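**Q** Chains H and R, in that order, are what the protein sequence lines are.
Note that full-length UniProt numbering numbers the first sequence so that position 189 is 189, with each residue one more than the last.
Note that full-length UniProt numbering numbers the second sequence so that position 166 is 166, with each residue one more than the last.
Treat the hints as calculated values from the structure; they're not laboratory data.
No experiment lies behind these values; they were computed from the predicted model shown.
One or more of the hints may lead you astray.
[What the hints assert, rightly or not] Facing chain R, a subset of chain H residues (Cβ under 10 Å, in silico):
#, residue
1, Gln105
2, Lys114
3, Pro181
4, Val207
5, Glu211
6, Ile214
7, His216
8, Asp239
9, Ile300
Where a beta carbon is used, it is the ideal one built from N, C-alpha and C, also for glycine.
There are 2 protein chains.
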Amino acid sequence: MTTIKDVAKYAEVSVATVSRVLNKKGYVSKDAEVAVLKAIKDLNYKPNSVARSLYHKTSKMIGLLIPDISNPFFPELARAVEDVALTYGYTVVICNTDEDKRKEQQYVDALKQKYIDGLILSTNQLSIDDYKSLHVPLVALDRSISDSVPIVTANNFIGAQQATEYLIDNGSTFLAHLRGPVGVKTADQRYKGFKEVVEKKGIAHVVVESEFNIHHAKKTALDLFERYPSIDAIFASSDIMAAGVMKAAKQMGKEVPTDVQLIGFDGIPLGEMLTPSLSTVIQPIYDMGAISTRLLIKQIEKQPLETLHYELETELNIRETTRSEQYE
Amino acid sequence: MTTIKDVAKYAEVSVATVSRVLNKKGYVSKDAEVAVLKAIKDLNYKPNSVARSLYHKTSKMIGLLIPDISNPFFPELARAVEDVALTYGYTVVICNTDEDKRKEQQYVDALKQKYIDGLILSTNQLSIDDYKSLHVPLVALDRSISDSVPIVTANNFIGAQQATEYLIDNGSTFLAHLRGPVGVKTADQRYKGFKEVVEKKGIAHVVVESEFNIHHAKKTALDLFERYPSIDAIFASSDIMAAGVMKAAKQMGKEVPTDVQLIGFDGIPLGEMLTPSLSTVIQPIYDMGAISTRLLIKQIEKQPLETLHYELETELNIRETTRSEQYE
């Protein structure tokens, strides 16, 4: 492999001069610069990225802290981060923290050692000071970390409103909402969107708290169907929860969408694979990951940001778990 | 931050001596060593990993080349690689190659620059020489690269046999197999397992080639049901394909499992979320990722391997798309 010494020898200059050219720092005569650039080209010299890291204290690596890559929301997100990072010459270190404070601290320490250039946070077990101890730019993805950290989210409130309106417009008169855990901001926003529409339109409804997993959602829905057999539409706070509702409906002998309409939230690939395929509020997951990464790289490259809060639009995707006006 | 100079000053030795202690190379007097170790402890000095990379030409990073993290087979695999790597102090760089030769080459070049310590290959668009140009240990995961590269796979042949036997034992007499693309080794092995059982037992059957995606599988299954309405069991070469078969069955008015039994392959989370939940041959995806990572780290640390071919057992998981003898 060609080394910096080979380049210096070929260009008939000192190693220090080559280094000044590579790092664009310090005085180099025009002749020397031309000679060095020619040597680099002739010898096909690639400055070693590890050496550069040591000098610049950067690594062209960014960290992505997520709860768990095997949770179906995150693969598409990780893919987007990776794609955009690659375009700008960065690689991505994915850290699965399982929302465990100790694991998260362990990763933050490891990333510090590697001169990571920036960090995308989709989990927030530590304090803002812990993240800031890395002394690198941060972006919060779907989680709020601090007012000073740029955040990318979807408009959960409006997405939930649209779903609720659709269920009512297509003939349902007794709606249930399986909400996500109280205190989780995305779940709270979806709940508020649902609530505002049913109250404004004076529609009978019931709200129960569940968890973002299929088993809990199935159990919650079974209980709901038993207590209120006349429920004719459910808005679930996630697609995974909606898959649990479908199982409950089947077990209770209810047809989807004839007896009960159903809309989920997220737009993960699962929805399309279910039979009937799931109507859902699609979050632009890929775009959220891509925009977060661009925001991070802008900060790394010391470019100004236009705003600190990017809220992306959701899209109501009507598939087969809702009735369509045209068939009525 | 504490630097190596601070350590040298505190220990009253030269920087070169500290470096020799850190790198366990060259002669250092016992007194000097004790003084250095005490200084490291007292000052809480953490040798910088980038500097170590430059010296040792290692980075404590491993690469994972996969087609696409948003393909549902890979998140659990990536998770396992990440978990094991972390245990041994390594971080993982995930590379999505989309089975594109140019992208794969781009990644291999980037990894070279970063002194990656080893590479797990779950994609193989390049030649073995391209991968070997990295001069680091390799492990092949579910893809065969070369006889000299350790490989980890599941026993696809036996898994397929067990699925086929189960369908026959539970009363089906006309079986179809939706096989994956000819030439893909895992698909070929599953096909062979199916074929051996139906031929040995003299059971009527039909085999059609499809792709590992839901739309193609649905289309193929619709065509099959039209041509052979009396098919009463389908063994699909993947869970995603099986989800497509369920859509086709619904469209043709066939009940699963009453009219048609169905078994998939892989054991991805999707299977459990379908209604009815999917009977499938579970590959130990997490274990495959974990074992690959251990094999890679063993090689990096120059420990001997017991064998070059690790074939893990699959497990037939009977859920709701098959009839169970006890209910007959």
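**Q** Work down the list of hints and note, for each, if the structure agrees.
**A** Status of each hint after checking the structure:
no. : hint   : result
1   : Gln105 : violated, 13 Å
2   : Lys114 : holds, 6 Å
3   : Pro181 : violated, 20 Å
4   : Val207 : violated, 23 Å
5   : Glu211 : violated, 15 Å
6   : Ile214 : holds, 6 Å
7   : His216 : violated, 13 Å
8   : Asp239 : holds, 9 Å
9   : Ile300 : violated, 17 Å
Hints 1, 3, 4, 5, 7, 9 from the list above are not met by this structure, while the remaining hints are.
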